[in-house]
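Protein chains: 4
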Amino acid sequence: MRKSLKVVTIGGGSSYTPELIEGFIKRYEEFPLTDLWLVDIEAGKEKLEIVGAMAQRMVKAAGIDCTVHLTLDRREALKNADFVTTQLRAGQLSARVLDERIPLSHGMIGQETNGAGGIFNALRTVPVILDIVEDMKELCPDAWLINFANPAGMVTEAVLRYGNWPKVVGLCNIPVNAVVNEAELLGEAPEKLFFQFAGINHMHWHTVMDSKGVDRTDELIKLMYGTGTNTEIVANIKDNNLIFEQVENLHMVPCPYHNYYYHTDKMLAEELADFEVNGTRAEKVKQIEAELFALYKDPQLDYKPKQLAERGGARYSEAACETITSIYNDKRTTMTVSTRNNGTVKDLPDDCAVEVTCTLTGNGPVPYNFGSFKPQERGLLQLMKAMEQLTIEAAVTGDRGTLLQALTINPLVTSGDVAKQVMEEMLEAHKEFLPAFFK
Amino acid sequence: MRKSLKVVTIGGGSSYTPELIEGFIKRYEEFPLTDLWLVDIEAGKEKLEIVGAMAQRMVKAAGIDCTVHLTLDRREALKNADFVTTQLRAGQLSARVLDERIPLSHGMIGQETNGAGGIFNALRTVPVILDIVEDMKELCPDAWLINFANPAGMVTEAVLRYGNWPKVVGLCNIPVNAVVNEAELLGEAPEKLFFQFAGINHMHWHTVMDSKGVDRTDELIKLMYGTGTNTEIVANIKDNNLIFEQVENLHMVPCPYHNYYYHTDKMLAEELADFEVNGTRAEKVKQIEAELFALYKDPQLDYKPKQLAERGGARYSEAACETITSIYNDKRTTMTVSTRNNGTVKDLPDDCAVEVTCTLTGNGPVPYNFGSFKPQERGLLQLMKAMEQLTIEAAVTGDRGTLLQALTINPLVTSGDVAKQVMEEMLEAHKEFLPAFFK
Amino acid sequence: MRKSLKVVTIGGGSSYTPELIEGFIKRYEEFPLTDLWLVDIEAGKEKLEIVGAMAQRMVKAAGIDCTVHLTLDRREALKNADFVTTQLRAGQLSARVLDERIPLSHGMIGQETNGAGGIFNALRTVPVILDIVEDMKELCPDAWLINFANPAGMVTEAVLRYGNWPKVVGLCNIPVNAVVNEAELLGEAPEKLFFQFAGINHMHWHTVMDSKGVDRTDELIKLMYGTGTNTEIVANIKDNNLIFEQVENLHMVPCPYHNYYYHTDKMLAEELADFEVNGTRAEKVKQIEAELFALYKDPQLDYKPKQLAERGGARYSEAACETITSIYNDKRTTMTVSTRNNGTVKDLPDDCAVEVTCTLTGNGPVPYNFGSFKPQERGLLQLMKAMEQLTIEAAVTGDRGTLLQALTINPLVTSGDVAKQVMEEMLEAHKEFLPAFFK
Amino acid sequence: MRKSLKVVTIGGGSSYTPELIEGFIKRYEEFPLTDLWLVDIEAGKEKLEIVGAMAQRMVKAAGIDCTVHLTLDRREALKNADFVTTQLRAGQLSARVLDERIPLSHGMIGQETNGAGGIFNALRTVPVILDIVEDMKELCPDAWLINFANPAGMVTEAVLRYGNWPKVVGLCNIPVNAVVNEAELLGEAPEKLFFQFAGINHMHWHTVMDSKGVDRTDELIKLMYGTGTNTEIVANIKDNNLIFEQVENLHMVPCPYHNYYYHTDKMLAEELADFEVNGTRAEKVKQIEAELFALYKDPQLDYKPKQLAERGGARYSEAACETITSIYNDKRTTMTVSTRNNGTVKDLPDDCAVEVTCTLTGNGPVPYNFGSFKPQERGLLQLMKAMEQLTIEAAVTGDRGTLLQALTINPLVTSGDVAKQVMEEMLEAHKEFLPAFFK
Ligand SMILES: [Mn+2]
Ligand SMILES: [Mn+2]
Ligand SMILES: [Mn+2]
Ligand SMILES: [Mn+2]
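Protein chains in written order, with full-length UniProt numbering: chain X, 1 to 439; chain F, 1 to 439; chain S, 1 to 439; chain Y, 1 to 439.
No lab work stands behind these hints, which were simulated from the structure alone. Heads up, a few of these hints could be off.
A pair holds if it fits inside one copy or across any two, identical chains being indistinguishable in the list.
[What the hints assert, rightly or not] Below are the SDA-like pairs computed for lysine to any residue, each with C-alpha atoms no more than 20 Å apart in a straight line:
#, residue 1, residue 2
1, LYS167, ASP215
2, LYS192, GLY362
3, LYS266, PRO411
4, LYS346, GLY371
5, LYS266, GLY107
6, LYS192, THR334
7, LYS331, GLU191
8, LYS222, TYR257
9, LYS167, ARG216
10, LYS331, VAL366
11, LYS346, HIS251
12, LYS212, GLU30
13, LYS60, LEU5
14, LYS26, LYS331
15, LYS331, ALA183
16, LYS212, ASN80
17, LYS167, ASN363
18, LYS374, ARG161
19, LYS167, GLY213
20, LYS420, ASN241
21, LYS266, SER105
22, LYS212, PRO32
23, LYS167, LYS212
24, LYS420, HIS251
25, LYS26, THR333
Keep in mind the model is a prediction, meaning the values are calculated, not measured.
Start from the sequences and build out the full structure, keeping to the hints where you can.
Right, here's the structure in full:
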């Protein structure tokens, strides 16, 4: 009898699921998946059924021997799982609309991963993930947790520090996209370059070296920011050119989210203007999703439709499936993921989560040592990590003072009475998902 | 023959000088000063002569055997000095007007020690101080440098790291005022309390313990911020009540400059409104100074006029004279000063300047160990230190990228095109004092 | 009614007790002790009664209003204590005889605080102290624990890390003796010098600065080791001259126990020779003690007999009583004690015990920051701390592998079969006091 | 015209050279060497000519297009080199005889890499290597320095810290041998296991994980030390079984040199007994070398003779040639080498050399992050690093106090008069090679 290989995807009703399915189909030979469990909650039932049926058609069309299970019973699904992936959004897209809308209505950037929106996203998501971890301790104590639920860095750190679960990897598609796009810019094959990323999720920098040992970072910065024509890297961040004079001074390539911190004036102005006319990014995503689900309903569709690419998560499943396959096969793939710091980045606490370049072994990620940042990157990184740690603590304790502290030091939030006002409104708006704050 | 004891005060034409004179007169018995050299530059000649004459009258009235020398020849003055105090303002108050006015005209807080104004103040002051240090190496290699030129923390760090001069103490009147005012609030004698300050100049926090070993910090926070009636601590910072919910979460007392970071909305609104009506703080100070110098001209005046108190530097000379006397006499006075970190605050680099509670010995300040901050304080502190280090580096190198970086990460500066615009305007405005940028 | 002030001395039957009594009598005005409880165990009952009666006579003769209680009931004594001092020796002097005799019989230095003897002393003492701490949590949760039971550093660390009891101070008479003796050598009053000690108990180094800020350390080293006539500092360490060429290279004054590490050949040869002829130091101490107790029995004796000085613990009670009085009165006395590191010595873990110069406040010791050692001191210090941590862990767990590890890396123990042999013999010899190893 | 690829081997007259030649021949396709320069000094001329002629025969027999140059002119050789390997022994084997003989004659282990012998080996070698680095700065500023001259860790650190030459890799054959032998013991292919080594040269520990992510270290320790039949790993260290109870407690595999520290009694007894009968290891090596050179003289011999294996440097050239080829081709080979710490091992200074598992890129080794050791390994490692740093400092400064300090804290040296005696004798014996000490 064939050995069971079981993956559980929590938030399985996501519009991204077909990409994940495609990834597993493509890797079936090296990762002979027998059972894929798509799990969702009552509120996501309809979407789960639509995307689940499509997943089953994709698997059938691919002719692989793998069963796709659909369920609302998370504990049933977790039994003896080998890998658990979490791609849930606590409160669905409606919550994200509020995450973005409320700060914007107070004149702040509505950033759903690092701004006030990201803080509240964490407050809702962390308790759910910690519940999943408790179930895993009981039902699949040897499984790996592969998280791409945002804010991925804070969620990963919560699992490490409060869940005491070391077998977790946090994923984001930014590093994998950067590698592909920047190699192209440099006119080199990606595997001929050595990218070293360091920082935290959505706040990292990297260097790139070629096979002759030559540091190509400055050249790349010039190509990216020196000419006035930036490369579009992620769809959900505005193509805001950074100021060359400042980026050049880093001698490291920033990530797209640095636009929020390095070019705040333009980002805020654009978001506010866009908000006036079009509403939040979340509302646009909501519409894209509706269109995707309309497509998914087509009983003839048994492959990933090209429209999914517009959703803004390019290469997410690439990162996820490659990570899982690498751990399963001890492939020693080089990949940038969120993992326990343990001294890799000297400027951050040992026990926090960092997003760094690793080798993926049979026992998960082993980071390349990074050392210390220059003041250029160090200060902002340390500020953001402190903000993350306050947010995680607030999520676990439900303490308003800690939450207000996180908002106060967050660079995208204006501190003072307005921060407190935003806090009160958002607590009220998300009340249903924040029981710790309404005990 | 009586042994020479020589103090050199650079920026001796300052309106603060009478306070310093008063401090030395008061301490004459334990600090038998023989020669006080007041040094200034050509542009400050008139003020030097006015305040210098008054200083001579004060000394005479006090009946102490001490000569007050007035000179524009710094090198002449420095010969064999025992203590050198620096209270200069590079570019005088006119430069401070620009430091505040230009950022405000772009909708940013015009902060002359930590904001864009502070950055440019450092750019002008650091090269002057490093020149003084070079002279000291030659002319008075055993002297102590007591700096109160702002931004005092950055200036002190520049002396330590770029001047390689370890015998420097950076001073500010905030800690000494906090001790007096807060002891009063708690109904205790200051010497019965143990205050431990840690952080950097104008960005520090402290705890307070009473003689029974009881931590009184939370009680003090409640008294200061919980009742709606804040105590006015320094005259040049608006009496802006912090939000109790947030400050309470620190379990440490912030310093007055935290208003800029913890209550940005109100501070900005007030400064902008005030600016519309009254112009900058610098302009008000200019007027106060004019009035003071009118008083100083009175040949009958031989004591510190009470109007000086309104100038906003209460207990500056107290801090300065006490520091000098303590080093001279190995008094082991407890004092909070800027000195080399050396691990005192684990969250900051070893070789940077920190403002921490010390014992003043015959060999200068020996800090009490502090350890690590909580994320509450840590992130903001680390950000500000990185900002300071970029500023100092820019001051020394004249590199625009580094300067733009400092502005970009400064929480009081809006990053992006507007930051670059502010930079260009300020570089142009202060051109005369920034030769490193116009080589 | 007069307020109760209660001190409990565990190991109260010690021959040192009269010195402690003398210390309290001398400080009665600033430390109005109402009740001193001398506690011992059944095996020490006779000694407790003898020395206890003498203590009562001393108190009576002094005419102070303080009751000396004698008891074998530790829990009764601990109720509502203000200070608890621990000067116990688990297994009495007979155990120390074995601590020294067994290693010596295998050709190793029989060192009862840092060598194999010290390791077994810790194995016996740590569980007793942790029991006391458990009682204190229940019976006197606000009390300070002042420990002088050896090995004082390891015992203090065990209380901090395994007992989770922060209100502990570890004491040794070496620093206080060094201050007195070395000031005399330098021809200065002790209070005119600033001694900064850093390291761990019985493995520390210090510098000394005079009131002019001049570092006098090198001069002192020359006086102590350069002339061929060393000063006798502690009676229980042989007056073994260190080699000037090596000590001079430290630019720090080592402690007397460094003889064991810096002059191993001579120390070992002397100990072995002495052992052949006279037996162990413990046996000599036993004899001295017998003579002391004979004296103490004299119903006329109501003062500390001068013979106690020969016992080798000069100024122990000085250190203890001064520490207690300083905490009680928030005296801010400068004292070198064992306390939590918290970054004071950068080369050692934050949560370990270090012996460093502190100010004694109402909330206990606040260390002066030290920073990093040079390689000269660093390596040996780090080795000894690791050895201590293994020993403490072995004491708590009863794990033989961990114990053998501690012996293996201890520089006074020859590693290999002989270390294992020593371990087996000592475990057997002390079986009664090592229940964790014989579960 | 074919592109030049030039390797310079300093100490080219070594008996190991044929192994290196064999390594380059085997890798010719991926590393198309055009010129190999064998450099030696006057004293090694005869050996250079013998082994050089043999190298030329080997290259010819292999039919590769590569010229072997022999020279005593180091600067001529270094011009435009791509890789420089250093395998010199300052003072030749005669010096090693003294390195071992003198300590043994005083009853100490004559260890030529970590003991008193190793200290003097460093004193002779470091200045020579620093001279080579100065030449490289001028003549081949882009070349990599691949050092296997012992003590390889100290020499590498000297190049990094005093030579300020970052492009250096320190090599030893112990890790590569451990990988091969231990994989065999575990019944796995080496490439299916992930070995992580950390520490310093000849004082490191490692863990091993299999492709399923299972930590196999404890099982391996049991296989190696639990059964009484140790595997012979390096020929020049006695097959001394460590004590299972102690090694098991490490949960890391020690390196063969740990025998000296973990089983000192047996190692010393055996060395002394062997010394009585057979003289030093160096003298045996001298004889083996004489036999090897007799073989090399044979004009028919054009391949590496099997007798070379007995010399004790198995897989040295494997490590060297693989390192060079990997850097040249950016092969990303996993290899354990000595490189700059930079936080990889948190327990050691950032700027020191550590021996850790790395990926070899086109820009040299990038270490995997390690983190912190347990006290089990930490203390001894930190002691040895301090000893190394004192030795390097003494080598550079010629300061006797620093040298005596290094000897004093070295665990293989008995401290005190005997250490000073050994120092004096060895300084005298090696006078010719220690000009810094006889200025
Ligand atoms: Mn992401
Ligand atoms: Mn100030
Ligand atoms: Mn002691
Ligand atoms: Mn080796």
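Going down the list of hints, with the structure as the test:
1. In this homomeric assembly, LYS167 and ASP215 come within 20 Å of each other (Cα to Cα) only across copies, at 14 Å, whereas the closest approach inside a single copy is 33 Å.
2. Taking the shortest alpha-carbon separations for LYS192 and GLY362, only the inter-copy value of 10 Å comes in at or below 20 Å, while the best intra-copy value is 24 Å.
3. Taking identical chains as interchangeable, the C-alpha atoms of LYS266 and PRO411 lie at most 20 Å apart whether they share a chain (15 Å) or sit on different chains (16 Å).
4. Within a single copy, LYS346 and GLY371 get their C-alpha atoms as close as 5 Å, and across copies as close as 10 Å, so both meet the 20 Å cut-off.
5. In this assembly of identical chains, LYS266 and GLY107 lie within 20 Å of each other by CA distance both inside one copy and across copies; the values are 13 Å within and 15 Å between.
6. In the homo-oligomer, the alpha carbons of LYS192 and THR334 lie at most 20 Å apart both inside one protomer (12 Å) and across protomers (17 Å), since each shortest distance falls under that limit.
7. With identical chains, the CA atoms of LYS331 and GLU191 are at most 20 Å apart both within one copy (15 Å) and between copies (11 Å).
8. Taking identical chains as interchangeable, the C-alpha atoms of LYS222 and TYR257 lie at most 20 Å apart only when both belong to the same chain, with a minimum of 19 Å there against 38 Å between chains.
9. Proximity of LYS167 and ARG216 under a CA criterion of 20 Å is satisfied inter-copy only: 18 Å between copies versus 34 Å inside one chain copy.
10. With identical chains, the CA atoms of LYS331 and VAL366 are at most 20 Å apart both within one copy (12 Å) and between copies (19 Å).
11. Proximity of LYS346 to HIS251 under the C-alpha cut-off of 20 Å is restricted to the intra-copy arrangement: shortest distance 19 Å within a copy versus 26 Å between copies.
12. In this assembly of identical chains, the alpha carbons of LYS212 and GLU30 lie at most 20 Å apart only when taken from different copies (14 Å versus 32 Å within one copy).
13. Proximity of LYS60 to LEU5 under the C-alpha cut-off of 20 Å is restricted to the intra-copy arrangement: shortest distance 18 Å within a copy versus 56 Å between copies.
14. For a Cα distance limit of 20 Å, the shortest separation of LYS26 from LYS331 inside one copy, 16 Å, qualifies, whereas the shortest one across copies, 27 Å, does not.
15. Taking the closest pair of Cα atoms, LYS331 and ALA183 come within 20 Å of each other only across two copies (18 Å); inside a single copy the shortest separation is 22 Å, beyond that limit.
16. Taking the shortest Cα distances, LYS212 and ASN80 sit within 20 Å of each other only across copies (16 Å), while inside one copy they are farther apart (46 Å).
17. Taking the shortest Cα distances, LYS167 and ASN363 sit within 20 Å of each other inside one copy (8 Å), while across copies they are farther apart (32 Å).
18. For the identical chains of this complex, LYS374 and ARG161 are inter-copy neighbours only, at 16 Å across copies versus 27 Å inside a copy, given an alpha-carbon limit of 20 Å.
19. For the identical chains of this complex, LYS167 and GLY213 are inter-copy neighbours only, at 11 Å across copies versus 33 Å inside a copy, given an alpha-carbon limit of 20 Å.
20. When the C-alpha separation of LYS420 and ASN241 is checked against a cutoff of 20 Å, the pair qualifies only between copies, where the shortest distance is 14 Å, while the shortest distance within a copy is 32 Å.
21. In this homomeric assembly, LYS266 and SER105 come within 20 Å of each other (Cα to Cα) both inside a single copy, at 17 Å, and across copies, at 18 Å.
22. In this assembly of identical chains, the alpha carbons of LYS212 and PRO32 lie at most 20 Å apart only when taken from different copies (15 Å versus 38 Å within one copy).
23. Proximity of LYS167 and LYS212 under a CA criterion of 20 Å is satisfied inter-copy only: 13 Å between copies versus 35 Å inside one chain copy.
24. When the C-alpha separation of LYS420 and HIS251 is checked against a cutoff of 20 Å, the pair qualifies only between copies, where the shortest distance is 19 Å, while the shortest distance within a copy is 37 Å.
25. Taking the closest pair of Cα atoms, LYS26 and THR333 come within 20 Å of each other only inside a single copy of the chain (17 Å); across copies the shortest separation is 28 Å, beyond that limit.
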